[in-house]
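**Q** Okay, here's what each chain looks like letter by letter:
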Amino acid sequence: ELKVEQNPLFLSMQEGKNYTIYCNYSTTSDRLYWYRQDPGKSLESLFVLLSNGAVKQEGRLMASLDTKARLSTLHITAAVHDLSATYFCAVDNGGGADGLTFGKGTHLIIQP
Amino acid sequence: DAGVIQSPRHEVTEMGQEVTLRCKPISGHNSLFWYRQTMMRGLELLIYFNNNVPIDDSGMPEDRFSAKMPNASFSTLKIQPSEPRDSAVYFCASSSGTREQYFGPGTRLTVT
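Chains A and B, in that order, give the protein sequences.
Quick note: this note's numbering has the first sequence finishing at residue 112, numbered continuously throughout.
Quick note: this note's numbering has the second sequence finishing at residue 224, numbered continuously throughout.
Because the hints were derived from the structure by calculation, they are not lab data.
Hints are all accurate, no fakes.
For lysine-lysine, the following BS3-like pairs were computed, each having C-alpha atoms within a straight-line distance of at most 30 Å: (1) A:Lys104 with A:Lys56; (2) B:Lys180 with B:Lys190; (3) A:Lys41 with A:Lys104; (4) A:Lys41 with A:Lys17; (5) A:Lys3 with B:Lys190; (6) A:Lys56 with A:Lys41; (7) A:Lys104 with B:Lys180; (8) B:Lys180 with A:Lys3; (9) A:Lys104 with A:Lys68; (10) A:Lys3 with A:Lys104; (11) A:Lys3 with A:Lys56; (12) A:Lys41 with B:Lys190; (13) A:Lys68 with A:Lys56; (14) A:Lys3 with A:Lys41; (15) B:Lys136 with B:Lys180; (16) B:Lys190 with B:Lys136; (17) A:Lys68 with A:Lys3; (18) B:Lys136 with A:Lys104; (19) B:Lys180 with A:Lys41; (20) A:Lys41 with B:Lys136; (21) A:Lys17 with A:Lys104; (22) A:Lys104 with B:Lys190; (23) A:Lys17 with A:Lys56.
Remember, it's a predicted structure, so these values are computed and weren't measured experimentally.
Looking at chain B on its own, in the form it has when it is part of the complex (with noise of 0.2 Å):
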């Protein structure tokens, strides 16, 4: 199995600019779930999908941040405008019922 799969692996872009992440969930997996990791503020999930389904977004930052999934071997994360305080480490994760969630790579967001 190759593990859930992200890209781009680092991303550097300028303020104002939009930005997308990309994931593939582990396939047969019917959860997926988007972290953000900074220094400041850890690990913090921002929101998370049940068969395609979008159950709680409530760790959307703010209205700049939007998630689909529009199948169930992919979803994306954009950010439009990114702001530098965007700058962060996103995770994406993948689980199959109740089991424990398998972490992507990540993406290494850098906005300047």
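Chain A on its own, in the form it takes in the complex (with noise of 0.2 Å):
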């Protein structure tokens, strides 16, 4: 069974420092995929990784991927508080268009 572990869950910070968000998961798997919820609202696509050593920059954040590791991290750079979101990484269950196992999500609130 595929697990996909987040840390940490819960993240406070201050507006202009960074920070990284972890994302284990536990088979092989060469798709991985960074989302963002807010409250209430449904969960947007924020990365695909598709390969080993990936890397996928968008503004203030950067994905990567290491599927020998089988980790991957979303780092923050000089946080604003308009990134403060839930964000979840999932793994595609198999190859191909297959479902997806989400990690239990970051809870990020940014101060100013």
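Two chains, two separate frames, one set of hints: put the complex together.
**A** Structure below.
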């Protein structure tokens, strides 16, 4: 059974600081996804990482994937309040267009 | 593009009643997924379809749950009879091939 673990689950940080969210998964997979969810809203796709060593950046967020270590990171640079949300990583359950197994999410609060 | 469309957005029903949730995927997407989100269990994959065919329904919690996809532009998730523990947000998502899944706005179900 595929397991996806995120840490930390809760994170309160100040604006301007840097931080990293970690996502570990238990079985071989080369597809990892990061989503953002605002309270009461749906999930918004942030990054799709499709190969070992993949790195993608969008604004203050950067995601990377190490398939050998079964680890992905989401790095936040110079955080701003608008980035406050819950961030989920998810792993493809098998090859191809399969369902995703999600981590429990990281609830991020960025304070002025 | 209108994105994934779900209806109703909110549903309140009494225990024992039948509930039908509806989803229209993004045009051209050939995979459709149903997820459930609760505080206790997080995001769980219930079932997914590929080219209108159910591929994996191992996440469907009980026989009370059933899902259909009669054509490429419509899917339903039915709960009969509903129970209070079915209260959750139900998301439908669609994708094309191995690309990321796009989530609908969700249906918030409350069973009293």
